[in-house]
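So the sequences go chain by chain: S and R. Heads up, this note's numbering is the position in the first sequence plus 289, with the first residue counted as 1. Heads up, this note's numbering is the position in the second sequence plus 251, with the first residue counted as 1.
Hints are supplied without guarantee of correctness; some may be wrong.
With a Cα cut of at most 30 Å, we get these calculated BS3-like pairs of lysine-lysine [claimed, not checked]: (1) R:LYS294 x R:LYS308; (2) S:LYS826 x S:LYS776; (3) S:LYS918 x S:LYS721; (4) S:LYS432 x R:LYS294; (5) R:LYS294 x S:LYS735; (6) S:LYS721 x S:LYS924; (7) R:LYS294 x S:LYS721; (8) S:LYS924 x S:LYS826; (9) R:LYS308 x S:LYS735; (10) S:LYS924 x S:LYS713; (11) R:LYS308 x S:LYS432; (12) S:LYS432 x S:LYS735; (13) S:LYS918 x S:LYS713.
Covered stretches of chain R (chain S as the covering partner; in silico rule of three or more C-beta atoms under 8 Å from a C-beta of chain S) [what the hints assert, rightly or not]: (14) 289 to 303; (15) 311 to 322; (16) 325 to 332.
The set of hints was computed from the structure by calculation and includes no laboratory data. For every residue, glycine included, the Cβ atom is placed at its ideal position computed from N, Cα and C.
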Amino acid sequence: MPSAVESSDAASSPVAAGVRVALIGNPNTGKTTLFNALCGARAKTSNFPGTTTSIRTGRVEAADGAGPLEVVDLPGVYDLDLDSPETRIARSVLDGGRGTAPDVVLVIVDACNLPRNLVLAGQLLARGARLVLALNMVDLAGKRGLTIDAHTLAARLGVPVVPLVARTGQGLTVLRRVLDQAPGATGPAASEAPPAHDNGMAAWADALAAGVTMAGGPGHALDARTEQLDRLLTHPVWGLAAFMAIMGALFWVLFALATVPMDLIEATFAELGTLVERLMPAGALRDLVAQGIVGGIAGTVVFLPQICLLFFLITLLEDTGYLARAAFVMDRWLSRFGLPGHAFVPLLTAHACALPGIMSTRLIPDARDRLATILVAPFMSCSARLPVYVLLTTLLFADRPAAAGLAFAGCYLLGGLAALVTAKLFGSTILKGRARPMILELPTYKTPSLRNALLTARDQGLSFLSTAGTVIVAICIVMWWLSAYPKVDPPARVAELRAAAGAPGVSPEQAEALGAEAAVLESRAAQAGSFAGRIGKVLAPAFAPLGFDWQLTVGVLTSFLAREVFVSTMSVLAAGQAETDVNDGVVAAIRGMTRDDGRPVFTPSTAASALVFFVLAMQCLPTLTVTRKETGSVKYAAIQLGYMSGLAWVAAFLLYQGLRAAGVA
Amino acid sequence: MPPLIPSSDAASVPGVVPLTAVPVGAVATLHEVRDAESRPVLKSLGLTDACVLRLCKVGDPCIVQVRSTRIGLSSAVARCLFVVPGGTDGK
Numbered sequence: 290m291p292s293a294v295e296s297s298d299a300a301s302s303p304v305a306a307g308v309r310v311a312l313i314g315n316p317n318t319g320k321t322t323l324f325n326a327l328c329g330a331r332a333k334t335s336n337f338p339g340t341t342t343s344i345r346t347g348r349v350e351a352a353d354g355a356g357p358l359e360v361v362d363l364p365g366v367y368d369l370d371l372d373s374p375e376t377r378i379a380r381s382v383l384d385g386g387r388g389t390a391p392d393v394v395l396v397i398v399d400a401c402n403l404p405r406n407l408v409l410a411g412q413l414l415a416r417g418a419r420l421v422l423a424l425n426m427v428d429l430a431g432k433r434g435l436t437i438d439a440h441t442l443a444a445r446l447g448v449p450v451v452p453l454v455a456r457t458g459q460g461l462t463v464l465r466r467v468l469d470q471a472p473g474a475t476g477p478a479a480s481e482a483p484p485a486h487d488n489g490m491a492a493w494a495d496a497l498a499a500g501v502t503m504a505g506g507p508g509h510a511l512d513a514r515t516e517q518l519d520r521l522l523t524h525p526v527w528g529l530a531a532f533m534a535i536m537g538a539l540f541w542v543l544f545a546l547a548t549v550p551m552d553l554i555e556a557t558f559a560e561l562g563t564l565v566e567r568l569m570p571a572g573a574l575r576d577l578v579a580q581g582i583v584g585g586i587a588g589t590v591v592f593l594p595q596i597c598l599l600f601f602l603i604t605l606l607e608d609t610g611y612l613a614r615a616a617f618v619m620d621r622w623l624s625r626f627g628l629p630g631h632a633f634v635p636l637l638t639a640h641a642c643a644l645p646g647i648m649s650t651r652l653i654p655d656a657r658d659r660l661a662t663i664l665v666a667p668f669m670s671c672s673a674r675l676p677v678y679v680l681l682t683t684l685l686f687a688d689r690p691a692a693a694g695l696a697f698a699g700c701y702l703l704g705g706l707a708a709l710v711t712a713k714l715f716g717s718t719i720l721k722g723r724a725r726p727m728i729l730e731l732p733t734y735k736t737p738s739l740r741n742a743l744l745t746a747r748d749q750g751l752s753f754l755s756t757a758g759t760v761i762v763a764i765c766i767v768m769w770w771l772s773a774y775p776k777v778d779p780p781a782r783v784a785e786l787r788a789a790a791g792a793p794g795v796s797p798e799q800a801e802a803l804g805a806e807a808a809v810l811e812s813r814a815a816q817a818g819s820f821a822g823r824i825g826k827v828l829a830p831a832f833a834p835l836g837f838d839w840q841l842t843v844g845v846l847t848s849f850l851a852r853e854v855f856v857s858t859m860s861v862l863a864a865g866q867a868e869t870d871v872n873d874g875v876v877a878a879i880r881g882m883t884r885d886d887g888r889p890v891f892t893p894s895t896a897a898s899a900l901v902f903f904v905l906a907m908q909c910l911p912t913l914t915v916t917r918k919e920t921g922s923v924k925y926a927a928i929q930l931g932y933m934s935g936l937a938w939v940a941a942f943l944l945y946q947g948l949r950a951a952g953v954a
Numbered sequence: 252m253p254p255l256i257p258s259s260d261a262a263s264v265p266g267v268v269p270l271t272a273v274p275v276g277a278v279a280t281l282h283e284v285r286d287a288e289s290r291p292v293l294k295s296l297g298l299t300d301a302c303v304l305r306l307c308k309v310g311d312p313c314i315v316q317v318r319s320t321r322i323g324l325s326s327a328v329a330r331c332l333f334v335v336p337g338g339t340d341g342k
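Isolated chain R (complex conformation) (with noise of 0.2 Å):
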C-alpha cells in the first residue's frame, strides 16, 4: 500500500502531532486529515474539523472517541490524523 502521508513535515505547524505521539486516554482537538479518500468517511462518523477526540488504544487498529462514538482506525489511516492535545471532552 503506498504512504498515504504526504512527504511534508507533519509537525510544520506548531502545536500540532500526529495522532500517534498522543498519549492513551489524551483528549486532542483534530487538525487535520491528511488521507483525502478516508476523509468523507471519517466526518461521516464524526470526525469533523476541530473536533475533539479521545485516544483510547494505538496500535493497529488505533481507537479514538468522539463524543459516544468509538471509531477504529487501520494505522494507517491513524498516521494521517494531526492533532492539537487538548481539548473539552464533549462526551
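Bound-form chain S, shown alone (with noise of 0.2 Å):
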C-alpha cells in the first residue's frame, strides 16, 4: 500500500523518549480499532475526571525501529466547536489541560467519507496541533469505487497521510513509523490551508476531498443495497421485529454461555472456602478468610463473566453498524418517557445484572440520556431478585401456581414500569431537559472484528476488577462481618437439646430431629446477637408499617448486600441452614417462622409487601458502587438509593395497609 510520508521530512531524528499521541476522529470511523490495533492488549480505561465519559491510554512498545508511543484515544467527535462533553475532554487533553499536551494528533479518517472527516482535520490544524492524518477504511472506498490519492493529500494539508487499515492491520507498521518520526519532523508548507475561522470550513473540505478523490464503480450499488436494509431494519413493525429477533438472539447467547463460567467460579471458590477451613486452624482468622476474604472475591468476580461477555457482543454489534439502526426503532417507544432509544440495551442487560446494564449505557452518547438510564436502571428485575420473587410468590399463592406465575410476570412489569415513571419524573425534575431528539450517523454496515470485541471485553471486564471490584469486595467483606459478629453463647436450651439427642435410647429419628432444632436455636441466637442482628432489632419500627418484624428487617439489611442474600438469611433464621435454593423444605421453614409474639411472620399481606418492597427497592451496594463510578460522583448514587429506598418503602406501605384494611391478614 503506498504511504504519503514524503510531507514530513522522514530523516529527521526521532524523539527518544516515548512519544505522546492523541488519537482523534469522528465516531464510525474505526478509531477504537485502531487504537486496538496499536496497543493490543496494553491499555486501561478509566473515567475522564469527574465526566462519566470513559477515555482509554494504552503503550505501544519499541519495534521496527520505531521508539514507544503513549497513546490516549479521545472520545468520538465530528465537530471541535460543537458544545459536548466529549468534546469539552477532547479540547483539554488537545490543550494539555489535563497534564501534558500531546506531541502529535493522529487524526483517523475514513477514506469513504473524507468531506466531513477533514473538517475536524481542519480545524485541528487551524488549532496548530502538529497532525498526522490516518486515512482509514481505503479496502472498502475500493470497493465503492472510491480512489484517496494519498501523496496529494498530504502535500496539500502538509502532514504526513498513512493509508491504512485498521482492522486487518495493514499500514500500521508505517503509520508507527511515522508517528515516531513526527514530532521532530518539518513538513512543508500546506499549499492548501484550512480557513482560520470555521466558517468555509465545510467548504474547503468539500473542495480538498473533491481534489484529491476518484470517483466510479460499485458505490450506487452498495448504496442501494445499505438502503434496503436500512428500510427493513428501522420499519416500525419489520424493525422491531428484527430488532426483537437479534435482541433475543443476544441474550439468548448471554444467558446460556455466561452460566457455566458462573457456576464454575461459584464452584471454585466454594471449594478454595472449604480447603482454606481444611488449611487453617479454627478462629476468626480462618473464618475472615474463608468466608470473608474469599465469599467477597467470589461474589465480585462472579459478574465477571457476563460483563465480559455483554461487552464481547455488543462491540460485534455495534461494529456491523447495527446499533445505529436499533437506537431508532426503540427511540419511537423509549422518548416518551425521556430516555434515548440507546437506552433499550442497558435497560435489557439490567434484567440479567444491573451492574453490567449501567457499565453499557456508555454506548449512549449524550451525558444527560446516560445518566437517566444508570438512575433507572436497577428497577429492572434481575437474576439476583428470581429466588426472591420466587420465594414471596410461593408464600403468597400456595396452591395457587396460576396466580403465583401472574404475581411473578407482575413483578417484572412493576420493575419495568417504575423505571419509565421514575425517568420521566427525573427528567423534569433533577435531569431538566428533555431527551434531546435522536439524529445520528447511520454507519456503513461492515463485518465486525473479533479481535476489536475480544480487546473491548478484556478492557471492560478489568476496568470493573479494578475499579468497582476493589470496592465490591470490600463491601461483602464488611456484611459478612457484621452478620458473623460478635460471635454469641447458645441458648442453654441449644445444649439440653443436643444432650437429650445423644442420651441413651433415643431413636436416630428423634436424634436428628432433636440436633435440627438446636442448630435452629442457635443459628437464630447467632444471627440476632451479630451486628447485622442487633441493627436489625432498632430499626425494626421503620419497617413496622409495612408488617415487617425484627427478622424480616434482618432479612433486608443482609439482602444489602446482593438480594439473593435475603432467602439465605430467612432460611438460617427459620431453619438454621444458610440456604440459596428456594426447595420445598426451605418454604415450609419459612412459612413456619414466628414472630415474638407467636404469629406468623409471613401473612399474605406482609408477603406481598415484602415482594412490592424487593421489586422496587435499591437492595444492591455493588450497584451502588458502579453508580458512582459510572456517573464521576457520590450525589447519584444517593439519589439513587434514596429515591429507590423510599418508593419502595411508600409502595409496600401502601399496599400493607391496604390489604389489612380490606381484610386480609
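Now that you have both chains on their own, put them together as the hints suggest.
Put into C-alpha cells, the structure is as follows:
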C-alpha cells in the first residue's frame, strides 16, 4: 500500500522518549479498532475525571525501528466547536489542560467519507496541532469505487498521510514509523491551509476532498443495498421484529454462555473456602479468610463472565453498524418517557444484572440520557431478585401456581413501569431538559472485528475489577463481618437439646430432630446477636408499618449485599442453615416462622408487601458502587438509593395497609 | 415534547418546502434548520447551509444522505428542515 509520508521530513531524528499521541476522529471511523491494533492488550480504561465519559490510554512498545508511544484515545467527535462533554474533554486533552499536551495528534479519517472527516482535520490544523492523518478503510473505499490520492492530500495539507486498514493491520508499520518521527519532523507548508475561522471549513473540506478523490465503480449498488437494509431495519413493524430477534439471540447467548463460567467460578471459590477451612486452625482469622475474603472475591469475580460476554457481543453488534438503526427503533417508545433509544440495551441487560447494564450505558452518546438510564436501570428485575420472587410468590400463593406465575410476571412489569415513570419524573426535576430528538449518523454496514470485540471485553472486565471490584470485595467483607460478629453463646436450651439427642434410648430419627431444633436455635441466636441482627432490631420500628418484624428487617439489611442473600438469611433464621435454593423444605420452614409474640412472620399481606419492597428497593451495594463510578459522583448513587428505598417503602406501606384495611390477614 | 417548528408558515419563502414534502430519492438543497438546539449537531454531521442532500427514507427515522454520510433524523427534527428541491448530488 503506498503511503504518503513524503511531506514530512523522514530523516529527522526521532524523539528518544515516548511520543505522546492523542488519537482523535469522528465516530464510526474505526478509531477504537486502530487504538486496539496499536496498543493491543496494553490499554486501560478510566473515566475522565468528574465525567461519565471513559477515556482509554495505551502504550505501544518500541519495535521495527520506532520508539515507544503513549496513546490517548479521545472520545469520538465530529466538530471541535460543538458544545458537548466529549468535545470539551477532547479540547482539554489537546490543550494540555489535564497534564502534558500531546506531541502528535493522530486524526483518523474514513476514506469513504472524506469531506466530512476533513472538517475535523482542518479544525485541528487551524489550532496549530502537529498532525498525522490516518486514512482508514481504504479497502472499503476501493469497493465503493473511491480512490484517494494520499500523496496529493499530504502535500496539500502539509502533514503525513498514511493509508491503512485498521481492521486487518494493513499500514500500521508505516504509521508507527511516521508517528515516531512526527514530533521532530518539519514538513512543507500546506498548499491548501484551512480557513482560520470555522466559517468556510466545510467548503474547504469539500474542495480538498474533491481534488484528491477519484470516483467510479459500484458505489451506487452498495448504496442501494444499504438503503434496502435500512428500510427493513428501521421499519415500524419489521424493524421491531428484527430488533426483537437480534436482541433475543444476543441475550440467549449471554444467558446460555455466561452461566457456565459463573457456575465454575462459584464452585471453584466454594472449594477454595472449604480448603481454607481444612488447612487453617479454627478461629476468627480462618472465618475471615474462608468466608469474608474468599466469599467477597467470589461475589465480585462472579460478575465477570456476564460483563465480558456482554461487551464482547455488543461490540460485535456495534461494529456491524446495526446498533444505530436499533436505537431509532426503540426511540419511538422510550422517548415518550425521556429516555433515548440507546437505553434499551442497558435496560434489557439490567434484567440479567444491573452492573453490566449500567456499564453498558457507555453506548449512549448524550450525558444527560446516560445519567437518566443509569438511575433507572436497577428497577429492572435482575436475576438476583429471582430467588426472592420465587420465595415470596410461593408464600403468597401456595396452592395456586397460576396466580403465583401472574404475580411473578407482575413483578417484572412493576419494575419496568417504575423505571419509565421515574425517568419521566427525573426528566422534569433533577435531570432537566428533555431527551434530545435523535440525530445519528448511520454508519456503513461492516463485518465486525473479533479482535476488537475480544480486546474491548477484556478491557471492560479489567476496568470493572480494578475500580468497582475492589470496593465490592471490601463491601462483601464488611457485610460478612456484620452478619457473623460478635459471636454469642448459644442459649442453654441448645445444650439441653443436644444432650437429649445423645441420651441412650433415643431413636436416630428423634436424635436428628432434636439436633435440627438445636441448630435452628443456635443460628437464630447467632443472627440475632450479630451486629446486623442488632441493627435489624433497632430499625425494626421503621419497617413495622410495612408488616415486617425484626427478622424480616434483618433479611432486608443483609440483602443489601445482594438481594438473593435475603433467602439465605431467612433460611438461617427459620431452619438454621443457609439455603440459596428455594426448595419445598426451605419454603415450609420460612412459612412456619413466628414473631416474638407467636404470630406468623409471613401473612399474605406481609408477603405481598415484602414482594413489592424487593421489586422497587435498591437492595444492592455493588450496583451503587458502579453507579458512583460511572457517574463520577457519590451524589447520583445517593439519589438512587434514597429514591428507590423511599419509593419501595411507600409502595409496600400502601399495599400492606390497603390489604389490611380490605381484611386480608 | 413541545413542537419544534415556529408557528410561521414554512412555505412562505418561494420554492422552500419542508424536507418531509420531498419525494423519496429526490435531491434537495438545505435552506433552513428551524430548530436551534439541533442545528450545531446537524452542522457537525455535514448538514451545513446550502448543502445538497438526498432523501432516502421518510417516517421515523427520516434518513438523508449528505455526500457519503447517511444521517438518521427523528421525525421531530426532520419536520424542522426546510429545503429547496433540486441541486447536484455531490456524493
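- Of all the hints given earlier, name the ones this structure violates by number, lowest first. Violated hints: none; all satisfied.
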